[in-house]
Amino acid sequence: MSLTVPSPAPSDEAPTGPLAIDARGLVKRYGPVEALRGLDLQVPAGGVFGLLGPNGAGKSTTVKILTTLAAPTAGSATVAGADIAREPQLVRRRIGVVSQASGTDVSLTGRENLVLQGRIHGLSKAEAIARAEELLGQMALSADQDRVVRGYSGGMRRRVDIATALMHRPEVLFLDEPTTGLDPEIRAEMWQIVRELAEGGMTVLLTTHYLEEADQLAGSLAIVDRGRVVVKGTPEELKGQLRGDAIVVELTEPAPDGVAAALQASVEGLGEATVDGRLVRARVEHGATATARILQALEARRLAVASITVSRPSLDDVYLRHTGRAFHEADQAADPPDGPPEDGRRPEEHR
Amino acid sequence: MMSTIAQSRHFAYRSLLTLWRQPWWIAVTLVQPIVWLVLFGALFKSVTRIPGFAGDDFIQYIAPGVIVMTSFFSAGWAGMGLLNDIQEGVVARFLVTPATRTAQLLGKMVQGAVSVVVQALIIIVLALLMGASFPGGVPGILVLLVVSVLMATAVASLSFALALASGKEETVIAVMNFFMLPLTFLSTSFQQKQLMPDWMQTVVAFNPLNWAIEAARSATLDVPTDLTAAGGTDWGAVGLRLLWLAVLAVLCLRVTNMAFRAYQRKV
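Protein sequence lines correspond, in order, to chains A and B.
So the first sequence is numbered by our numbering: it starts at 1 and just counts up by one.
So the second sequence is numbered by our numbering: it starts at 1 and just counts up by one.
Keep in mind that the hints were calculated from the coordinates and are not lab data.
For each residue, glycine too, the CB sits at the ideal point set by N, CA and C.
Just so you know, not all the hints are guaranteed correct.
[To be verified] Simulated DEER-style distance windows between Cβ atoms:
1) B:Q194 / A:R29: 54 to 60 Å
2) B:E169 / A:D40: 47 to 53 Å
3) A:G81 / B:E170: 40 to 46 Å
4) A:G81 / B:M80: 36 to 42 Å
[To be verified] Reference excerpt, derived from the structure (chain A facing chain B, CB under 10 Å, subset only):
5) A71
6) S99
7) G103
8) E112
9) R119
10) I120
11) T180
12) W191
13) Q192
[Claimed, not checked] Which stretches of chain A does chain B cover? Using the computed rule of at least three CB atoms under 8 Å from a CB of chain B, they are:
14) 57-70
15) 83-96
The shape of chain B in the complex, shown without the other chains:
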């Protein structure tokens, strides 16, 4: 276990170095969430005027959602990097060293987590510049970062599993496209729950993306997860969502490990 963690450090370093050498990737990754924030902030601004919408600063409302969504999206493509490594023979080379499969995967997860945190911090700064405030303060921001990383870990794991099982980039792209936008709009990213149709409110309750968004929003904005209620952060509700996300991330990691083992049987 200890050696797995020590090894994953080297793999994480390698993955980060690989990313660092792709200036276009960095530029797009950093600009993308800014586009989301500014674009959706302007596009959906008028929803704050719908009767029943709690609060009036839309940028502040969507900032946590945009951060979680960004981590969800970029983690979804994690499998593409793994496929590239498989094709280049890099995965096979590492598999015949003493390093464990888990160490290889964890290395990639750490890389994903670092980019999620960097993106999140950029969006927070931008939102502050655009006049939003985060009454939840530093603890709120920390919760936001933790849920984003958990979310990214779960989604990246599934993306890896998909890549390992299918061996095809097209499959990863198709499946991820199929889930990304629907799950985003079946969440409270841009719209509050109480303004959704009843059936959708039920679906939203089972959407992990929404667990992350609600926890992040409640913690950063110092509001209850049920926005129509009064009071500050409901730490019980936030903790419960963190727990679900952690369980989900662990389950997804296990799925990936199984997919990796199955992949190796085909080699």
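For reference, chain A alone in the conformation it holds in the complex:
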């Protein structure tokens, strides 16, 4: 890269300054399934780091390894300065984990869950109670703290999960798909909580398969696909790489061969175009002016257009560009599975 180019470039080198997470070449095999295939991840201390990818990309496996729940088949990592293989106890003392499956004991009250977690982390009874009350207050759960969690709403349970993970004041907080299955209002509420935690100086590693969530929350992010990090940077950097607007044309019938090339030849300033069934996606400098020309070019080839949309670059486009497939399709395909094969031995993966 040249020094004269002012536009931001994705940071491919490890960031300078202290690293909260430094993972090198993580590989995880479950029998024949390779969930991680040499994953590298450097997360700077402080702020929210997003790990974005479709279901089955390897996000949860990465979290399991970094939180010492699972051992990697190969590779190494340090979390909050401690080595996951050689100093797992130290790692566990410095991290908080909110897994997808909650892990809160529903037959205990909110308060009992928090105090228990504090005691397990070595807090004295008085310390644990004081800290639990402080967190329950912050999470607006004080009124319900003495009710058993079974009666809580989905959002309240999630807040208990997070409060539990914060009992021992961890340096790094892992949030594995914290908003999956939550209502939109509750999701917004969770986002606010995550933002406040990051503002307080904590490092938050957030995994999500919601592009919007990563865009909203993450200061920087890595896109994971098929067990590897395919690209990393800030959302702005990643989107900035994709100059211009995204145009998606939906045809009434599957696009014939050669459409992409024909469009590129006849529309000036059209960047890379990809065809995917009835959809043609392209990047262009000025979306508004190019639209007319694209329609003309398609009409000339007697292709009927069902719809055409022009949008500013989104992380969806970033994902498409780096993996060659649209995010929602990858999410639905969910292959290979994220974690061991589905033989009923993954009860912890409740969704």
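Please arrange chain B on chain A, whose structure you already have, making use of the hints.
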């Protein structure tokens, strides 16, 4: 080691609190042994009239057996609770804290032990009300409680191991059902050894459930383990059975720990 014990205290508290919040579970657990005692007491009462049966109070004879059997049965289902914890993500949450695997397991064992002791005391009181007497006194009762807890620890460990290895409730249910009643009837719970066929007497000698029952009966009723012999408690024989049960419990705990480690490799 010390911290494991300190941590297991918190896990035990949590498990007991969880149980305490299940009134139906408590009701059934308390009533079940009473049903055994009253039902089997009435059903098999006439065996005391079989020539060669030592003694004549059947309730007194079966009370120690019913207690050991009850602890054996309830410990057998321990794996179900663990499976529930695994499914809810509770086990994983604890595994990423400084607490050891052993502490988690010990917590559940302590919970099991507390319920065994409570059940045993209820049966003892009931048996006394039904006219039985325990000449072995307090030391006898203590031996009874210790063997019940050792028995429960061994069986609960295997139940945990089974749950961790299979990950399926059906497997735990099937395997436990397969062993529970046959092992009970291959013991001297309801029938005396000298009245059994020869081959069965041989099998009975290797049944850990029977070690527990013989030790408990000998200590509480102040009789030798061989009921046809004369005299009081044979402390040597009781001690030997306690030792075997303790060794068994430790071995089973090790098996569970291995199963837990294997489970974690699959996570």
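If you test the structure against every hint from before, which numbers come out violated? 2, 11, 12 and 13
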